[in-house]
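A.B. asks: Sequence:
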Amino acid sequence: MNKKKVQIIILILLMAWYGLFFMYKIDLTVVDLGRHIINGQMILAGQFGILDTNFYSYTEPDFPVINHHWGGGVIFYLIWKVFGFAGLSILYLILSLIIFYLFFRLAQKESNFKVALIFSLLLIPLMTARREIRPEIFSYFLMALFFWILWHWHKGKISDKWLWLLPILEIFWVNTHIYFIFGPALIGLFLVDWVIKNKKVRPLLRSNLFINLILTSLATLVSPFGLKGLLYPFNIFKEYGYRIVENQSVWFLENWGFKSPNLRLFEICLILLITSFIVLLIRNRKKFSFIYFVLALVWGGLGWLAIRNFTMFGFFVLLIISFNIKKFGFKFKKISLSVIIFVSLAIFLISFFVYYPKLPLDQDRFGFGLMPGNNGSAQFFKDQNLQGPIFNNYDIGGYLIYYFYPQEKVFTDNRPEAYSISHFQDIYIPAQTNNLVWQELNKEYNFNMIFFSHRDYTNWGQQFLIERVQDPDWAVVYFDSYAIIFLKNIEINRPIIEQYQIPKEYFGF
Numbered sequence: 001m002n003k004k005k006v007q008i009i010i011l012i013l014l015m016a017w018y019g020l021f022f023m024y025k026i027d028l029t030v031v032d033l034g035r036h037i038i039n040g041q042m043i044l045a046g047q048f049g050i051l052d053t054n055f056y057s058y059t060e061p062d063f064p065v066i067n068h069h070w071g072g073g074v075i076f077y078l079i080w081k082v083f084g085f086a087g088l089s090i091l092y093l094i095l096s097l098i099i100f101y102l103f104f105r106l107a108q109k110e111s112n113f114k115v116a117l118i119f120s121l122l123l124i125p126l127m128t129a130r131r132e133i134r135p136e137i138f139s140y141f142l143m144a145l146f147f148w149i150l151w152h153w154h155k156g157k158i159s160d161k162w163l164w165l166l167p168i169l170e171i172f173w174v175n176t177h178i179y180f181i182f183g184p185a186l187i188g189l190f191l192v193d194w195v196i197k198n199k200k201v202r203p204l205l206r207s208n209l210f211i212n213l214i215l216t217s218l219a220t221l222v223s224p225f226g227l228k229g230l231l232y233p234f235n236i237f238k239e240y241g242y243r244i245v246e247n248q249s250v251w252f253l254e255n256w257g258f259k260s261p262n263l264r265l266f267e268i269c270l271i272l273l274i275t276s277f278i279v280l281l282i283r284n285r286k287k288f289s290f291i292y293f294v295l296a297l298v299w300g301g302l303g304w305l306a307i308r309n310f311t312m313f314g315f316f317v318l319l320i321i322s323f324n325i326k327k328f329g330f331k332f333k334k335i336s337l338s339v340i341i342f343v344s345l346a347i348f349l350i351s352f353f354v355y356y357p358k359l360p361l362d363q364d365r366f367g368f369g370l371m372p373g374n375n376g377s378a379q380f381f382k383d384q385n386l387q388g389p390i391f392n393n394y395d396i397g398g399y400l401i402y403y404f405y406p407q408e409k410v411f412t413d414n415r416p417e418a419y420s421i422s423h424f425q426d427i428y429i430p431a432q433t434n435n436l437v438w439q440e441l442n443k444e445y446n447f448n449m450i451f452f453s454h455r456d457y458t459n460w461g462q463q464f465l466i467e468r469v470q471d472p473d474w475a476v477v478y479f480d481s482y483a484i485i486f487l488k489n490i491e492i493n494r495p496i497i498e499q500y501q502i503p504k505e506y507f508g509f
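Numbered per the numbering used here, the sequence shown spans residues 1 to 509.
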C-alpha cells in the first residue's frame with residue numbers, strides 16, 4: 001500500500017475519533033437549541049419582535065436585547081422542519097468534520113502529515129469542547145473558510161478573485177453569531193503582516209485585500225441592528241447578571257474546584273505553544289510568523305479568559321505549533337513510522353481513558369436526535385392540561401420555550417444578556433436561597449407550577465428543590481431523569497395531585 005493511501009486511511013480514522021465526540025444525542029432540558037428553533041419559526045412567521053426584545057419572558061418582556069444569532073435560528077428551524085432533531089445532529093457533525101479537515105490540511109501543509117497527526121490527537125478534546133448544537137458552529141466554519149482563503153492567497157496558491165467571497169461570507173456571519181468580528185480582524189491581520197514584510201503602505205491601499213477589508217467591515221453593518229449590532233460584541237457583558245461556567249477563566253474554575261480534564265490539557269497545550277515560539281526564536285528567528293504570533297496571543301488569551309474559546313484555541317494551536325516545529329529545522333523524515341504509530345497510539349489511549357466518561361458509548365447517548373424520554377415532562381404537562389404561571393430555572397428555559405410557547409411564557413431562560421442584572425441578582429437567586437423572598441415573589445406572580453431541571457447543581461438551585469419537596473404548599477407530580485414538576489397545592493390542582501403526587505419520602509425526606 002502506498003504512502004498516500006495509508007495517510008487517507010489514518011485521516012479517516014482520525015476524523016472518526018473526532019466525530020465520535022459529536023455522536024451525542026441531545027438533552028433539550030439543559031441547552032438552548034429549543035429556543036433557537038422557535039426563534040427561526042417566529043422570524044419566518046413575521047414575528048420580528050424576537051429580534052430586539054425579551055420575547056419569551058413574562059417577567060421582563062420589554063427588556064432590550066440584540067438577537068445576534070437570529071440567522072442561526074432560521075437555519076436550525078428549516079433543518080428541523082424537514083429532518084427533525086436527527087437532521088440537526090447530522091448537520092452539526094458534518095460541519096464539524098469539515099472544519100477539522102480544513103485545519104488539519106492547513107497544518108499538514110505547514111509541516112507534514114506526521115506532525116499534524118500527533119498534535120491533532122492531542123488537541124481533539126479541546127477542539128470538541130463545544131459539542132452542543134449552537135449557532136457558534138457557523139463562527140467556527142466561517143473562521144476556517146476565512147483563514148483557508150487568506151492563507152492560500154498569502155501563499156500565492158489562489159488568485160485575488162477568492163478574496164471577493166469574504167464580504168459575502170461576512171454578511172452571513174454577522175447574522176448568525178457574535179464572533180463575526182473575527183472576519184475583518186483576520187483580513188486586517190494579513191494586511192499588517194504584508195506591511196511589515198514589504199515596509200510599504202501606499203501600494204497596499206490599492207490592493208484587493210485592502211478593498212475587501214473595507215467591504216467586509218461594511219458587511220458587519222448588514223444586519224437588522226446596524227451599528228448597534230456591530231458594537232454589541234464589545235457591550236454584551238455590560239448587562240450580564242448570571243455567571244455561567246463557559247464564560248469563566250481557567251484560573252477561576254481551577255480555584256473554584258471545577259473538575260475538567262480540558263483545563264489541564266489547555267495548560268499543557270499553552271505551555272507547548274509558548275515553548276514552540278521560544279525554540280523558534282532561538283533556532284530560526286527569520287521564520288518567525290507575525291500572523292501566528294498574534295493568533296497565539298489572541299486565542300491563548302481568550303481561551304484562558306473563557307473556556308468557551310477552547311475550540312478555536314485548539315484549531316489554531318494545531319496550525320501554529322505545526323508551523324513552528326517545521327521551522328525548527330528538525331527532520332521528521334528521520335523518525336520511523338513505528339515511532340509515530342507508538343506516539344499516536346499512546347496519545348489516543350490516554351485521551352480515550354481520560355475522556356471516557358464524556359464519550360457517548362452507551363445506547364442512550366450515542367446517535368442522533370433527542371435522548372430517550374427527553375420530552376417526557378413536556379408531554380405530561382400537555383396531557384394533564386397544566387397551566388402556569390411557571391417558575392423555572394435558568395437551564396430549562398429553552399426547553400419550555402420550545403414545547404410551550406406561545407401558550408406559556410418563561411420566568412427566565414439561559415440568556416443572561418436578555419435580562420437585567422437585577423433579575424438574576426435580586427430576584428432569581430435570592431428567591432431560591434431566602435424563603436421570605438420566595439414567598440413575596442410567589443405572591444407577586446401567583447405561580448401555579450415549578451418546572452426545574454433537577455440537575456441544576458448551583459447551590460441555590462439544590463437548596464430550593466430540597467425546600468420545595470418538603471413544602472406542604474407544593475406537590476411533586478412528575479419526576480424523571482431530566483426534570484421535576486411541582487404543582488401548587490390548591491383546590492384546582494387537587495385531582496392531578498391526588499393521582500400523580502410523588503411522596504417526599506421518595507426523595508429521602
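It is worth saying that the hints were derived from the structure and are not from the lab. Keep in mind that the hints are not guaranteed to be accurate.
Here are the simulated DSS-like cross-link-like pairs (lysine-lysine), alpha carbons at most 30 Å apart as the crow flies [stated by the list, open to error]:
no., residue 1, residue 2
1, Lys25, Lys327
2, Lys3, Lys326
3, Lys3, Lys327
4, Lys327, Lys109
5, Lys382, Lys25
Each pair of labels, with its calculated beta carbon distance range [unchecked claim]:
no., residue 1, residue 2, range
6, Phe83, Leu297, 37 to 43 Å
7, Trp256, Asn208, 20 to 26 Å
8, Trp256, Asp426, 20 to 26 Å
9, Val279, Ile341, 39 to 45 Å
10, Leu227, Phe328, 42 to 48 Å
11, Trp460, Ile9, 49 to 55 Å
12, Gln379, Gln463, 26 to 32 Å
13, Gln379, Ile9, 44 to 50 Å
14, Val437, Asp480, 25 to 31 Å
15, Gln463, Leu297, 40 to 46 Å
16, Ile9, Asn208, 36 to 42 Å
17, Tyr445, Ala86, 46 to 52 Å
18, Ile12, Phe293, 52 to 58 Å
19, Lys259, Asp383, 36 to 42 Å
We put the CB at the ideal spot given by N, CA and C, even for glycine.
A.B. asks: For each hint, tell me whether it holds in the structure or not.
C.D. replies: Status of the hints after comparison with the structure:
Between lysine 25 and lysine 327 the alpha-carbon distance is near 42 Å, which puts this suggested pair outside the 30 Å criterion. Under the criterion of a C-alpha separation no larger than 30 Å, the hint pairing lysine 3 with lysine 326 is consistent with the structure, at around 20 Å. Restraint check for lysine 3 and lysine 327: satisfied, since their Cα atoms lie roughly 24 Å apart, inside the 30 Å limit. Proposed proximity of lysine 327 and lysine 109 is supported: the alpha carbons are some 12 Å apart, at most 30 Å.
Distance check on the hinted pair: lysine 382 and lysine 25 sit about 23 Å apart at the alpha-carbon level, within 30 Å; holds. Checking the proposed 37 to 43 Å range against phenylalanine 83 and leucine 297 shows it holds: the Cβ atoms sit about 41 Å from each other. Between tryptophan 256 and asparagine 208 the C-beta distance comes to about 49 Å, which lies outside the given range of 20 to 26 Å. The beta-carbon spacing between tryptophan 256 and aspartate 426, approximately 23 Å, falls within the hinted interval of 20 to 26 Å.
In this structure, valine 279 and isoleucine 341 break the distance hint of 39 to 45 Å, their C-beta atoms being roughly 25 Å apart. About 46 Å separates the C-beta atoms of leucine 227 and phenylalanine 328, a value consistent with the hinted range of 42 to 48 Å. In this structure the supplied range 49 to 55 Å holds for tryptophan 460 paired with isoleucine 9, their Cβ-Cβ distance being about 52 Å. Here the CB-CB span from glutamine 379 to glutamine 463 is close to 29 Å, well matched to the stated 26 to 32 Å.
Between glutamine 379 and isoleucine 9 the beta carbon distance is about 45 Å. The supplied range of 44 to 50 Å therefore holds. Separation of valine 437 from aspartate 480 is about 29 Å and conforms to the stated range, judged on CB atoms against 25 to 31 Å. A hinted range of 40 to 46 Å for the beta carbons of glutamine 463 and leucine 297 is consistent with their spacing of about 42 Å. Roughly 40 Å separates the CB atoms of isoleucine 9 and asparagine 208, a value that falls within the hinted 36 to 42 Å.
A hinted range of 46 to 52 Å for the beta carbons of tyrosine 445 and alanine 86 is inconsistent with their spacing of about 37 Å. The hinted window of 52 to 58 Å between isoleucine 12 and phenylalanine 293 is violated, with their beta carbons roughly 33 Å apart. A hinted range of 36 to 42 Å for the beta carbons of lysine 259 and aspartate 383 is consistent with their spacing of about 39 Å.
The structure fails hints 1, 7, 9, 17, 18 (numbered hints given earlier, in ascending order).
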